[in-house]
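**Q** Sequence:
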Amino acid sequence: MKSIAFSILLGFVTVSAGEISIAVAANVSYAIEALKKEFNVLHPETKVQVILGSSGKLTAQIKHGAPYGLFMSANMKYPEALYSEEMAVTKPVVYAQGALAFLSQKERNYDANMTVLRSEDIQKIAIANPQTAPYGVAAAEALKNAGVYESLKKKFVYGESISQTVTYATSAADIGIIAKSSLFSPQMAHFKEGVNWSDINETLYTPIDQGMVILKKAEGNVEVKAFYDFMLSPKAKEVLKNFGYKVE
Numbered sequence: 025m026k027s028i029a030f031s032i033l034l035g036f037v038t039v040s041a042g043e044i045s046i047a048v049a050a051n052v053s054y055a056i057e058a059l060k061k062e063f064n065v066l067h068p069e070t071k072v073q074v075i076l077g078s079s080g081k082l083t084a085q086i087k088h089g090a091p092y093g094l095f096m097s098a099n100m101k102y103p104e105a106l107y108s109e110e111m112a113v114t115k116p117v118v119y120a121q122g123a124l125a126f127l128s129q130k131e132r133n134y135d136a137n138m139t140v141l142r143s144e145d146i147q148k149i150a151i152a153n154p155q156t157a158p159y160g161v162a163a164a165e166a167l168k169n170a171g172v173y174e175s176l177k178k179k180f181v182y183g184e185s186i187s188q189t190v191t192y193a194t195s196a197a198d199i200g201i202i203a204k205s206s207l208f209s210p211q212m213a214h215f216k217e218g219v220n221w222s223d224i225n226e227t228l229y230t231p232i233d234q235g236m237v238i239l240k241k242a243e244g245n246v247e248v249k250a251f252y253d254f255m256l257s258p259k260a261k262e263v264l265k266n267f268g269y270k271v272e
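What the sequence shown shows, in this note's numbering, is residues 25 to 272, in sequence order.
Note that these hints are calculated values from the structure, not bench results. These numbers come from a predicted model, not from an experiment. Some hints could be false.
Claimed, not checked - DSSO-like cross-link-like pairs, simulated, lysine-lysine; straight-line CA separation at most 27 Å: (1) Lys-71 x Lys-115; (2) Lys-270 x Lys-168; (3) Lys-240 x Lys-71; (4) Lys-81 x Lys-270; (5) Lys-60 x Lys-259; (6) Lys-101 x Lys-81; (7) Lys-270 x Lys-101; (8) Lys-115 x Lys-265; (9) Lys-115 x Lys-261; (10) Lys-87 x Lys-71; (11) Lys-168 x Lys-101; (12) Lys-240 x Lys-87; (13) Lys-179 x Lys-168; (14) Lys-60 x Lys-270; (15) Lys-101 x Lys-249; (16) Lys-60 x Lys-265; (17) Lys-115 x Lys-87; (18) Lys-265 x Lys-71; (19) Lys-168 x Lys-130; (20) Lys-115 x Lys-270; (21) Lys-101 x Lys-241; (22) Lys-60 x Lys-101; (23) Lys-261 x Lys-81; (24) Lys-60 x Lys-249; (25) Lys-240 x Lys-101; (26) Lys-61 x Lys-270; (27) Lys-249 x Lys-261; (28) Lys-81 x Lys-148; (29) Lys-241 x Lys-81; (30) Lys-265 x Lys-101; (31) Lys-168 x Lys-81; (32) Lys-148 x Lys-168; (33) Lys-101 x Lys-177; (34) Lys-178 x Lys-130; (35) Lys-178 x Lys-168; (36) Lys-71 x Lys-61; (37) Lys-177 x Lys-148; (38) Lys-179 x Lys-81; (39) Lys-115 x Lys-259.
Whenever a hint applies, use it, and build me the whole structure from the sequences.
**A** The structure is reproduced here in structure tokens:
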């Protein structure tokens with residue numbers, strides 16, 4: 025059944041001349057339209073088709089033959105695996121460094137950072153699935169390093185991607201651990217820093233280096249290479265910075 029569903033998915037991912045298809049980790053979904061807009065200022069003839077998902081699921085699709093030209097992951101692990109298996113033609117490079125944040129619909133006191141999760145009214149905590157989403161791995165690491173993971177794990181509600189986790193954090197859950205980048209999209213503007221959201225102590229988790237590779241199917245594709253180069257340019261870094269990422 026899974027193979028049939030995947031075949032149907034691939035049936036919709038067709039790439040025409042003048043069009044590139046890129047696989048993008050869900051945490052970048054909030055910045056990707058701004059990135060595409062700036063890219064098209066330089067390359068108006070190239071249409072960029074974006075496929076969003078958790079990095080783990082996108083990697084599985086790539087390994088099963090999905091016709092993507094570029095992969096923008098939420099970590100270095102998945103691009104490095106593709107490169108080592110000769111499914112990518114460029115060595116993984118870091119295009120951005122992400123960060124974790126709390127998000128709640130309710131006003132909360134974040135002064136003690138992780139201690140906020142012990143509030144009596146918090147019964148459900150949204151985090152991304154560590155099996156498929158690098159931000160889920162980082163969230164679990166932060167919770168463990170803060171010494172609260174075991175006491176809180178029964179309250180976890182898992183999103184299959186960071187986008188789904190954001191949805192849970194603002195609906196089914198009382199609070200969520202999300203990608204900070206999601207807070208800088210226009211639709212999230214009503215959530216206020218220090219009231220609804222706050223940074224999570226960065227010493228609690230390993231820096232979230234996000235890696236990018238050109239995939240084997242796009243070897244020699246000048247349009248994919250142009251987007252790859254753009255993502256490492258000062259203009260792209262400016263956009264990413266505006267969405268809460270760290271860039272070098």
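**Q** Now tell me, hint by hint, if it's right for this structure.
**A** Okay, the hints, checked on the actual structure:
1. Lys-71 x Lys-115: Measuring from Cα to Cα gives roughly 25 Å; hence the hint holds.
2. Lys-270 x Lys-168: 24 Å, holds
3. Lys-240 x Lys-71: Holds, because 20 Å separates the two Cα atoms, which is no more than 27 Å.
4. Lys-81 x Lys-270: Holds: Lys-81 and Lys-270 sit about 25 Å apart, inside 27 Å.
5. Lys-60 x Lys-259: It holds: about 11 Å lies between the C-alpha atoms, which stays within 27 Å.
6. Lys-101 x Lys-81: 13 Å, holds
7. Lys-270 x Lys-101: 19 Å, holds
8. Lys-115 x Lys-265: Holds - the C-alpha atoms of Lys-265 and Lys-115 are around 23 Å apart, at most 27 Å.
9. Lys-115 x Lys-261: 19 Å, holds
10. Lys-87 x Lys-71: 24 Å, holds
11. Lys-168 x Lys-101: 21 Å, holds
12. Lys-240 x Lys-87: 11 Å, holds
13. Lys-179 x Lys-168: 14 Å, holds
14. Lys-60 x Lys-270: Measuring from Cα to Cα gives roughly 19 Å; hence the hint holds.
15. Lys-101 x Lys-249: 22 Å, holds
16. Lys-60 x Lys-265: Answer holds: Lys-60 to Lys-265 is near 15 Å, not above 27 Å.
17. Lys-115 x Lys-87: 17 Å, holds
18. Lys-265 x Lys-71: The given pair, whose Cα atoms are some 24 Å apart, holds under the 27 Å limit.
19. Lys-168 x Lys-130: 25 Å, holds
20. Lys-115 x Lys-270: 21 Å, holds
21. Lys-101 x Lys-241: With a Cα-Cα distance of about 20 Å, the restraint between Lys-101 and Lys-241 holds, given a limit of 27 Å.
22. Lys-60 x Lys-101: 25 Å, holds
23. Lys-261 x Lys-81: Roughly 26 Å separates the two Cα atoms, so the pair holds.
24. Lys-60 x Lys-249: 14 Å, holds
25. Lys-240 x Lys-101: 17 Å, holds
26. Lys-61 x Lys-270: Distance of about 20 Å is within 27 Å: holds.
27. Lys-249 x Lys-261: Cα-Cα ~17 Å, so holds.
28. Lys-81 x Lys-148: OK: Lys-81 and Lys-148 at ~25 Å, within 27 Å.
29. Lys-241 x Lys-81: Answer holds: Lys-241 to Lys-81 is near 18 Å, not above 27 Å.
30. Lys-265 x Lys-101: Given that 27 Å is the threshold and the Cα spacing comes to 23 Å, the pair holds.
31. Lys-168 x Lys-81: Status holds; Cα separation ~25 Å.
32. Lys-148 x Lys-168: With Cα atoms ~17 Å apart, Lys-148 and Lys-168 stay inside 27 Å; holds.
33. Lys-101 x Lys-177: Roughly 25 Å separates the two Cα atoms, so the pair holds.
34. Lys-178 x Lys-130: 21 Å, holds
35. Lys-178 x Lys-168: 14 Å, holds
36. Lys-71 x Lys-61: Judged against 27 Å, a Cα distance of about 10 Å means the pair holds.
37. Lys-177 x Lys-148: Holds, at about 10 Å.
38. Lys-179 x Lys-81: 24 Å, holds
39. Lys-115 x Lys-259: 22 Å, holds
The earlier numbered hints are all upheld by this structure, with none contradicted.
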